[in-house]
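Here is how the chains run, residue by residue.
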Amino acid sequence: MEFKSVKEIVDFCQELFDDIGFARAREWKAAQPGRKVIGYMPVYVPREIIHAAGMLPLGILGGGADMEVIHGDAYYQSYICRIPRSTIEMAVTGKLDFVDGMVFPSICDVIRNLSGIWMLLFKDRYVRYFDAPQNFKDDIGGVFYSNELREFREGLEKLAGREITDENLRNSIAVFNENRRWVNKVYDFRAAFPWKAPSAEVYLLMRAGMVLPVEEHTRLMQAYLSAAEAGKRRMRDNCRVVLTGVFCEQPPLNLIRSLEISGCYIVDDDFMLVNRWLLGDVPADGDPIGNLSRAFLHHSAQTAAKYEPDMAEKGRYLLDAIRARSADGVIFAAPSFCDPALLDQPMMISRLEALKIPYITMQYAENSGQMQPIREQSGTFADSIKLWSAS
Amino acid sequence: MSNGVVKSTSQIVQKEMIGRNYDRITGGDAKVSSTFVPGNLNELLMCFDIANNLPEINAIQNAMRKKSGDMIMEAERAGHSEDVCTYVKADIGMMAKGNIAPNGKPFPDPDILLLSYTGCFTFMKWFELLREQYKCPTVMLHVPYAADGKPTRNMRDYIVRQLKDEVIPALEKVSGIRFDIDRLREYLRKSAIAEDDMVWMLESTKHRPSPIDCYFGGVYYMGPIFTAFRGTDEAIEYYRLLRLEIQDRIDKGLCAQTPEGDMPEERYRLVVEGPPNWTSFRDFWHMFHEAGAVVVASSYTKVGGIYDYEGFRHDPDHPLETLADYCLGVYTNRNLPTRVDMLVRNISEYDADGLLINSIKSCNSFSAGQLVMLREIEKLTGKPGAFIETDLVDPRYFSAANVKNRLESYFQMIDQKRRAGGSAAIVA
Ligand code: SF4
Ligand code: SF4
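The listed protein sequences correspond, in order, to chains C and E.
Counted from 1, the first sequence has number 201 at position 201 by the working numbering; the numbering is strictly sequential.
Count along the second sequence from 1, then add 391; that gives the number in the working numbering.
Hints are not guaranteed to be accurate.
[To be verified] Taking lysine-lysine pairs in the DSBU-like style, the calculated list, with each CA pair at most 35 angstroms apart, reads:
(1) E:770 <-> C:36
(2) E:564 <-> E:597
(3) C:36 <-> C:232
(4) C:123 <-> E:770
(5) C:386 <-> C:196
(6) C:29 <-> E:541
(7) C:123 <-> E:541
(8) E:795 <-> C:95
Rather than coming from a laboratory, the hints here were simulated on the basis of the structure.
Whole structure, please, built from the sequences with the hints as guidance.
Written out as structure tokens, the structure is:
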């Protein structure tokens with residue numbers, strides 16, 4: 001893969017994004033006998049362990065805006081968000097038939113119960129509900145989590161038919177450290193020059209990381225950054241916003257575009273937290289399981305799926321992002337019927353109100369079609385921010 | 392009999408017990424904790440003389456008194472989404488409306504929020520929200536999900552460790568009372584005695600006709616063990632009394648008792664999955680009474696602990712471990728295949744005509760996956776199933792006409808099936 005221009009890179013990412021049959025991952029699997037693919041859902045799984053088993057971690061983020069859901073509605077009531085129904089649709093229509101196992105992280109009861117649906121419907125597949133601690137002390141939650149990681153490792157060893165050595169794990173930790181550094185560089189670059197790295201592009205670039213081997217994704221980000229840095233693009237008079245609440249069911253790409261077109265540069269977001277969940281490098285020497293565990297306990301993102309033991313710290317992650325990215329305001333976008341995002345929202349809002357930080361709220365589904373109201377709402381928001389900062 | 396409602400002695404006793412608990416909570420003498428029904432550590436709270444206030448029970452009480460609708464609207468006006476669990480909004484709305492307990496006295500602010508995160512993600516957000524309001528100590532007990540059907544050693548050890556290092560020290564601090572493990576053992580011993588009689592009650596519905604209803608009636612019968620009475624002499628006495636009462640009904644060959652009196656005839660025996668609707672509880676029950684339908688087993692009577700599946704009883708010889716096992720075992724903490732197995736066994740062991748799912752708009756923990764469960768259970772039992780949709784405490788989501796229509800069609804389907812064999816489903 002040799003990319004020259006931003007357009008080439010973005011076209012490539014768009015192609016991956018549009019391909020809900022996962023041709024690329026299928027090719028990867030077919031390239032060598034015995035290769036295995038492990039699907040995972042939001043919000044966080046330690047992909048390092050899957051990688052160390054020689055398997056491809058494949059992010060499954062629902063069917064997107066264009067996939068027609070025909071069977072999925074027979075699996076889910078109308079008052080449940082859309083991502084599980086479109087994921088089931090993908091599974092029952094054969095789009096995930098090459099996926100050897102699925103991992104369902106502890107994010108909410110919907111994804112949790114989807115793990116059980118998988119067990120009932122696909123009895124021959126590897127299924128793991130991946131639990132993470134809500135107690136963040138090394139000798140309590142840390143012990144539990146390290147054992148969960150070991151169980152996960154053993155399950156994958158069985159599936160792979162080989163041992164996952166500590167050395168394998170340390171190598172994978174280093175590979176993901178490298179990837180995370182580049183993810184952060186892209187985010188930093190976008191925050192510094194949002195007109196040079198429009199959010200829809202950055203989004204597609206990060207989505208590519210859900211389906212590509214991690215090393216390839218790192219190279220893609222490197223290529224994107226050098227092309228984007230060199231690019232000449234017009235700076236618009238947009239305000240700067242943090243977009244939050246989008247950590248599971250993804251908004252349609254059009255919604256992301258609409259926000260920017262209407263005057264809001266997205267300077268931070270929580271779209272795919274899995275690639276930024278751990279906040280720094282994980283030590284690539286010593287005990288890899290202990291290192292992954294400590295990284296989770298002490299250096300991981302704060303989000304609705306995690307308990308915040310200290311009330312004073314609640315919302316800190318969002319406030320820090322606002323400050324670090326010099327954001328003017330916040331857009332809370334939540335999937336309809338999403339308990340974690342919607343229940344967290346009032347608490348986040350109270351933090352913003354105390355600091356007089358402007359915000360708006362909106363709801364979406366992955367297949368929301370009507371963008372006009374969104375554009376009007378975010379356009380008015382952008383205008384009011386500009387007026388407010390001018391006064 | 393009052394307001395045309397027929398009540399048995401045990402029901403009157405149960406009502407008095409719940410009333411007494413509210414008097415204790417609002418009396419001002421005891422420290423008060425708020426905690427949830429699933430994973431409710433009543434025996435442990437008793438070791439610290441802490442009164443146990445359960446917000447779900449408050450929401451239910453308010454719904455049955457037709458007050459929850461306004462409370463929910465109040466919470467929505469304050470910025471809470473229409474799409475989230477209505478128990479949470481009923482609770483938050485109740486605070487906004489003065490936080491008045493069912494006995495007419497104001498609830499005190501809790502001294503501690505015991506966030507027993509068992510079987511439901513929303514619990515965590517709910518108490519984070521309450522913590523904002525009360526700014527009181529909040530202690531988390533994270534109970535991992537029994538995703539592979541069986542709790543693991545790691546899960547159990549994790550819970551025990553949290554109990555020892557987090558929960559007990561927090562309760563000691565709030566109450567000023569030192570933890571005495573022998574006191575806990577004594578309460579657990581009492582729990583197990585009451586649990587034996589309680590399981591006898593659950594299994595009494597194997598009789599034909601069933602002497603009780605194990606869904607609508609069941610919620611009353613489960614009240615003491617699911618709330619503030621597990622581990623008390625009162626609970627032992629209540630379940631002993633209930634057992635005598637039910638035995639008497641069996642001896643007399645009576646059909647299930649309902650608020651309108653004994654059902655004259657038992658025509659349908661059902662297993663029900665999902666919580667009831669509380670805002671139209673009587674109307675809902677009436678539809679069953681009218682049709683001669685009795686619920687012989689329900690998953691809702693397992694929501695605060697499962698005692699009739701693997702024979703679990705609180706074990707005084709392993710006090711903290713048994714609390715861990717109890718928390719891990721509650722119904723919504725079980726994976727879907729286990730829930731399916733439980734219901735399939737109920738259908739066959741209680742000789743039921745089929746499964747009715749009351750799917751709750753509010754509750755992802757119960758509802759996500761129920762359509763798959765329905766199909767799986769139909770396949771495994773060959774018995775017809777039906778699916779209705781309501782809400783817990785939001786009156787906007789109970790459509791009596793729809794529910795009634797569906798139930799009637801379901802009963803007709805059972806009749807047909809009896810005549811002809813085969814299976815079919817009614818899905819909303
Ligand atoms: S969108 Fe929200 S409710 Fe739905 S699966 Fe994701 S986290 Fe759960
Ligand atoms: S989501 Fe369900 S289990 Fe959880 S608090 Fe609400 S009603 Fe209870």
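Is the straight-line distance between the alpha-carbon of residue 123 (chain C) and that of residue 770 (chain E) 35 angstroms or less?
Given pair residue 123 (chain C), residue 770 (chain E) holds - Cα atoms ~15 angstroms apart, limit 35 angstroms.
Can you confirm whether the C-alpha distance between residue 795 (chain E) and residue 95 (chain C) stays at or below 35 angstroms?
At roughly 40 angstroms apart (the allowed maximum being 35 angstroms), residue 95 (chain C) and residue 795 (chain E) break the hint.
Would you check the hint for residue 36 (chain C) and residue 232 (chain C), treating anything up to 35 angstroms between C-alpha atoms as holding?
Given that 35 angstroms is the threshold and the Cα spacing comes to 42 angstroms, the pair is violated.
For a C-alpha distance cap of 35 angstroms, please report whether residue 770 (chain E) and residue 36 (chain C) respect it.
holds (32 angstroms)
Are the Cα positions of residue 386 (chain C) and residue 196 (chain C) separated by 35 angstroms at most?
It holds: about 21 angstroms lies between the C-alpha atoms, which stays within 35 angstroms.
For the pair supplied as a hint, residue 564 (chain E) and residue 597 (chain E), confirm whether the alpha-carbon distance does not exceed 35 angstroms.
violated (47 angstroms)
Under the criterion that the straight-line Cα-Cα distance not exceed 35 angstroms, is the pair residue 123 (chain C), residue 541 (chain E) satisfied?
It holds: about 17 angstroms lies between the C-alpha atoms, which stays within 35 angstroms.
For the pair we were handed, residue 29 (chain C) and residue 541 (chain E), check the Cα-Cα distance against 35 angstroms.
Between residue 29 (chain C) and residue 541 (chain E) the Cα gap is close to 33 angstroms, so the pair holds against 35 angstroms.
Taken one by one, the earlier hints fail for this structure at numbers 2, 3, 8, listed in ascending order.
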